[in-house]
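Enquirer: Letter by letter, the chains look like this.
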Amino acid sequence: MTRIIEAVDLTTHFYTYEGVVKALDKVCLRVDHGITFGLVGESGCGKSVTVRSMMRIIQEPGRIEGGKVFFTPKKGESVQAVDLLSKSEAWMQGLRGNRISMIFQEPNAALNPIMRVGDQVAESFLFHRKKSMSQKILTDLGRADTVVFPGTRRIQKALYALSAQTPKARILTLSRRIPLLRRWETRMKKEAFRRATEIIGRLGIADPDAVAKNYPHNLSGGMKQRIVIAIALACKPDLLIADEATSNLDVTVQAQILTLLKDLKKTEISSILMITHDLGVVAETCDRVGVMYAGTLCEEADVKELFTDPKHPYTIALLASVPQRHQEGELKTIDGTVPNLVHPPSGCRFHPRCPHVMPKCRDEVPAFIPVGENHKVACHLYDVFEHQGKSDV
Amino acid sequence: MSEEIILELVDLKKHYPVLGGVLRREVNTVKALDGISLAIQKGECLGLVGESGCGKTTTGKAIVRLHPPSSGHIFFHPKGQENPVDIAALSPRQLKGKNLRHKLQMVFQDPTTSMNPRMLVKNIVAEPIQEQEKLSPKELEARVVELLTLVGLNRDHLFRYPHEFSGGQRQRIAVARAIATHPEVLVLDEPTSALDVSVQAQILNLLHRLRKKLNLTYLFVTHHLLVVKYISDRIAVMYLGKVVELADTETLFEQTLHPYTWALLSGIPSTEIDAPKARILLEGDVPSPLDPPAGCRFHTRCPFALDLCSEAEPPLLATGENHQVACHRSHETRSLFHSYTKEMPPAAR
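Chains as they are written, first to last, in this note's numbering: chain W, 1 to 393; chain U, 1001 to 1349.
Since the hints were derived computationally from the structure, they do not count as laboratory data. Here a beta-carbon is modelled for each residue, glycine too, at the ideal position from N, C-alpha and C. Check before you lean on any hint, since a few could be wrong.
Unchecked claim - Covered stretches of chain W, as calculated for chain U (at least 3 residues, CB under 8 Å):
#	region
1	217-225
2	228-234
3	248-255
What the hints assert, rightly or not - Result set (DSSO-like, lysine-lysine): computed pairs, CA atoms no more than 30 Å apart in a straight line:
#	chain 1	residue 1	chain 2	residue 2
4	W	Lys304	U	Lys1342
5	W	Lys266	W	Lys130
6	U	Lys1013	U	Lys1098
7	W	Lys157	W	Lys74
8	W	Lys87	W	Lys68
9	W	Lys213	W	Lys74
10	W	Lys22	W	Lys74
11	U	Lys1342	W	Lys266
12	U	Lys1098	W	Lys332
13	W	Lys68	W	Lys189
14	U	Lys1342	U	Lys1213
15	U	Lys1213	W	Lys332
16	W	Lys131	W	Lys332
17	W	Lys265	U	Lys1042
18	U	Lys1342	W	Lys332
19	W	Lys26	W	Lys87
20	W	Lys262	U	Lys1042
21	W	Lys266	W	Lys304
22	U	Lys1096	U	Lys1042
23	W	Lys262	W	Lys213
24	U	Lys1134	U	Lys1103
Unchecked claim - Which residues of chain W face chain U? A few of them, derived with a C-beta cut under 10 Å, are:
#	residue
25	Ile114
26	Met115
27	Ala320
28	Asp335
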């Protein structure tokens, strides 16, 4: 399988008053084409920081200190992978929302309260799809039945022809400042709004025309989350990142959204990177899972294998602490608390809480080693496997 | 478990007025609680589940009388007293005069916002004790330390501020504060929803132990069904201000009768990979409590709704031992669920 995005030794630090928070420590993460990858962990373990670093939307006082993020857009094409960390900000803006897009956690915070939701979805089109929209409008203008303000058909055609070629042409920017000429753009906005309504309708919302004209406060939580998903899906991205997309929703609405994402995975998008703290959600929707602890990736495996045969002591403890349908006896707990990342523990970051701690764990950072087919773990308990693997070679 | 009833809610209602117009007149009411009747037995843990806005928290707050109910009765049977007291009818002053406040305590959802950030842990836990009895500073401190040990903290934590603790520890402090006055009933309002899974397990185990040790009665309000299953003896499922099903935990999970309960149960994402999944997907959202649907409140989203459901409201009727359900089709829902699962296309399962 080919990778769509791969982070290699990604390191991100936050420079706060208390000191340097080592939020990510050499995280290696690989998402292949056509799969749903789940990233789980407790709060503060660096799940969100990982994907935000990959998208380069880390805010001050955070800084990406090192590593590489490779992105390979389309499946099958022999395109060279690009390192996102070496690209310019302008180039990244062309990528975000277009090839990679993100669903944010809190729909209330992600939506602008004073814009109609349709306009918010339409923004994606106005930013990334000017060319194709201009082409569409040009053919519309060619038809005789399109209503045009008398005498402006020719100039509109000329402007849209230019826009279809080079959307950033200086004349177009200029024309936006001239009062009458400015009006040519409304046609573009209308087209974007039409496309927005179309995509809102595709997400299982009844009466999309009415909903698109609503403001966020008119909609319920589940609807708002659908709108956020519509914004992310507008440009048909190759990779969709869902950051706790269902965490604040009720069980029945969560079930609706998860089913929607599953269906979209089949039809619209190739890969999903799903961040969640809910192990149940991962078990239901993902193909592959990565477990994070205190800024490091500690285990990565296929979903079935991870839940039936977890290897890392942290994964084992985490799975045991979730109440089950057929729970017997007391819940198992993990002693202690998540460490402060200003002074992370030496060696393996889990060693102060680990039941199988060895002297080695305090000094050496465990390598991320394979312990089976498609199963990797960062733990000294499995160092034997590495040696076996080497002797086989 | 004794069959002695400690709290009895009878047709409890709580309507919040919606003000409008220039004169701020009451134009409508939010029917947060619309006539619920429940009996909580001594020493049990009753779980109250439902989606957001269904009135779970309002019920909890009404029991500790953080707000007065609009109508209905809450009969409380305190220890050593012959006659029950109707908490709903008492004024706050009378409640305090009759020494009832300290017998009903509450643990809130978010430990960060439910504690004064400027108070030391010692004072946070001591405050309710001082309100009840006069103790010398030494005795008071000994009592606070005793409470902290009970919840798994120690003397070192006395002189610290809430921000110095992790979420789990803060929730422990909140529990210590709630049990400080020797309560008989503890209302736990989503005590673990702000916590991580590993910490959630610690708090659940703590609450479980405390109940046995101090002989407490819990009303456990949550939206998380697996949590409530772990800790509760009986579960009441609420929808739009009404109780739709009430049963023993085992019975509720094994012999679900109300379609809404079934939808909730099947909607839980499970970590059991190989478990067979028969999911029922509800359309749309919970209707507004401003204008709840006529008849059965669930009929707008129910896959098995009949004409009758939109006309008459089903009463909460007993269908078996310790099992009550409010559904017109409760006698046939089991077979309905069965056929529904069979009809579903395999992809949707």
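Enquirer: Give a verdict on every hint.
Expert: Right, here's what the structure says about each hint:
Using a Cβ-Cβ cut-off of 8 Å, 4 residues of the region 217-225 of chain W lie near chain U, which meets the minimum of three, so the contact claim holds. Here the region 228-234 of chain W counts 0 residues with a CB under 8 Å from a CB of chain U, which misses the bar of 3, and the coverage is violated. Only residues whose C-beta sits within less than 8 Å of a C-beta in chain U count toward coverage, and the region 248-255 of chain W has 6 of them, enough to reach three; the restraint holds. Pair hint W/Lys304 plus U/Lys1342 holds up; C-alpha atoms about 25 Å apart against a cutoff of 30 Å.
Between W/Lys266 and W/Lys130 the alpha-carbon distance is near 27 Å, which keeps this suggested pair within the 30 Å criterion. Between the alpha carbons of U/Lys1013 and U/Lys1098 the distance comes to roughly 24 Å, so the proposed pair stays at or under 30 Å and holds. For a cut-off of 30 Å, the pair hint linking W/Lys157 to W/Lys74 is broken: about 33 Å separates their Cα positions. For the hint linking W/Lys87 to W/Lys68, the alpha-carbon distance of about 11 Å falls within 30 Å, and the restraint holds.
The straight-line distance between the Cα atoms of W/Lys213 and W/Lys74 is roughly 34 Å, outside the 30 Å bound, and the hint therefore fails. Restraint check for W/Lys22 and W/Lys74: not satisfied, since their Cα atoms lie roughly 33 Å apart, outside the 30 Å limit. For the proposed pair U/Lys1342 and W/Lys266, the alpha carbon gap of about 23 Å is at most 30 Å, so the pair holds. Under the criterion of a C-alpha separation no larger than 30 Å, the hint pairing U/Lys1098 with W/Lys332 is inconsistent with the structure, at around 42 Å.
The suggested pairing of W/Lys68 with W/Lys189 is violated, with an alpha-carbon distance near 38 Å, which exceeds 30 Å. A distance of roughly 47 Å separates the Cα atoms of U/Lys1342 and U/Lys1213; the hinted pair therefore is violated under the 30 Å criterion. As the CA atoms of U/Lys1213 and W/Lys332 are separated by approximately 20 Å, the hinted pair is consistent with the 30 Å bound. Restraint check for W/Lys131 and W/Lys332: the C-alpha separation of about 57 Å exceeds 30 Å, so the hint is violated.
About 50 Å separates the Cα atoms of W/Lys265 and U/Lys1042, which puts this hinted pair outside 30 Å; it is violated. A hinted pair counts as satisfied when its Cα atoms are at most 30 Å apart, and U/Lys1342 with W/Lys332 does not qualify at roughly 37 Å. Using a Cα cut-off of 30 Å, the hinted pair W/Lys26 and W/Lys87 holds, with the two alpha carbons roughly 20 Å apart. This hinted pair does not check out: W/Lys262 and U/Lys1042 have alpha carbons roughly 46 Å apart, beyond 30 Å.
A hinted pair counts as satisfied when its Cα atoms are at most 30 Å apart, and W/Lys266 with W/Lys304 qualifies at roughly 20 Å. Of the supplied pair hints, the one linking U/Lys1096 and U/Lys1042 holds, its CA atoms being roughly 22 Å apart against a limit of 30 Å. Restraint check: the Cα-Cα separation between W/Lys262 and W/Lys213 comes to about 27 Å, which is no more than 30 Å; the hinted pair holds. Simply put, U/Lys1134 and U/Lys1103 have alpha-carbon atoms about 17 Å apart, close enough for the 30 Å limit, and the pair holds.
Taking 10 Å as the C-beta contact cut-off toward chain U, the hint placing W/Ile114 at the interface is violated, the least distance being around 23 Å. Checking W/Met115 against chain U by beta carbon gives a least distance of about 22 Å; that is not within 10 Å, so the hint is violated. Interface restraint check for W/Ala320: the shortest CB-CB distance to chain U comes to about 8 Å, inside 10 Å, so the restraint holds. About 9 Å separates the beta-carbon of W/Asp335 from the nearest beta-carbon of chain U, less than 10 Å, and the hint is met.
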